[in-house]
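> These are the residues of each chain, in order.
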Amino acid sequence: MSKRGQIWYGDFIIGLLVIIIISVAFYYVLYDIGNANSEISELELNVESLSNNLMSDGYGSWTTWSSGNKDYDGKIGLVKNSKIDVNLLTKFRNLNDYAFTKRMFGLSEYDYSAFIIDKNGVSTILAPFLADETAISNAASAIRLDRLVYYNGEIVRLNIVLFKK
Amino acid sequence: MKIKQKKGVIFSLDAFMAVGIFLIAAVSIYVFVLSSGNLKQQYYISNDILNIMQDIKVYELSATKYPELAIVLINNGSVSSKYLGSAFMTTDKAGIFFNAIFKILLSDKYEFGLNIDNKEISITNKNFVVARRARFTEG
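Residue numbers (this note's numbering), protein chains in the order written: chain A, 9 to 173; chain B, 12 to 150.
Here chain A stands alone, though its shape is the one from the complex (with noise of 0.2 Å):
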């Protein structure tokens, strides 16, 4: 009597390795979906952490002298009431150093930028020495967020934008 195999080896080797390439491809893709979420998760509380805090008024002198060491005093705030004040933007841009400002945001690990954009659509960069759009155009991750603020007589968007080069 001949003895007759249950399974064709071959058959089953093949049936084996494809079961393990989709287990071992499940898993990788399970794990880039974390991650991607992860990172957009993170991008989103600094988005809006950031533009909380540029929504507000702010409080201190924003830098301090010791020992001919700049240093943060306060907390950047550029709204009152709904509206941009002009002398904490002027204040703002006459800190003329992205660095400390990242350092008072909080931000270590991205880079941001703000534009004030009109109902025409005409964007105006909130600093000068803030990022400009070629520049977030090259980042390996970007996540905007739009506030709306009186501005110069009109409601506009303040389009903030966190960056990851």
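It is possible that part of the hints are untrue.
Per label pair, the in silico range of CB-to-CB distance [stated by the list, open to error]:
| no. | chain 1 | residue 1 | chain 2 | residue 2 | range |
| --- | --- | --- | --- | --- | --- |
| 1 | B | 78 | A | 136 | 42 to 52 Å |
| 2 | A | 60 | B | 74 | 24 to 34 Å |
| 3 | A | 146 | B | 41 | 20 to 30 Å |
| 4 | B | 29 | A | 105 | 56 to 66 Å |
| 5 | B | 129 | A | 29 | 41 to 51 Å |
| 6 | B | 122 | A | 115 | 31 to 41 Å |
| 7 | B | 91 | A | 128 | 32 to 42 Å |
Because the hints were derived from the structure by calculation, they are not lab data. Cβ atoms here follow ideal geometry from the backbone N, Cα and C, with glycine treated the same way.
Mind docking chain B on chain A? Use the hints.
What follows is chain B alone, placed relative to chain A:
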């Protein structure tokens, strides 16, 4: 031999079909998860609109930038000293006014409407409402 080869083909086909189904499922899940957004932007926009309506008065808006103001203020000059929210409640041109200030600012991104005291100030397509914010105020 021929019978064995046929059965082998069927088992291999099963395996390839399984791979195909897995790929379709994985790509679908991937695309769905990454493309589904959240409502954070809508939350902030609606919050800012409500704040602006409470903080900004009509006269603070530039007549040059908002020619629609002239329509609003005709026969209704007292609206000028009111906050925007109160102005929307008292003028019958509220829809034009609201659209001129807010809708044009965000028209390429969002559709939204305003409803004050169950009165539609600015109309939107109700079938696609994804977020709604409400606030108590007086005026």
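> Of all the hints numbered above, which does this structure not satisfy? Sort the numbers upward.
Of the numbered hints given earlier, those the structure breaks are 1, 5, 7, listed in rising order.
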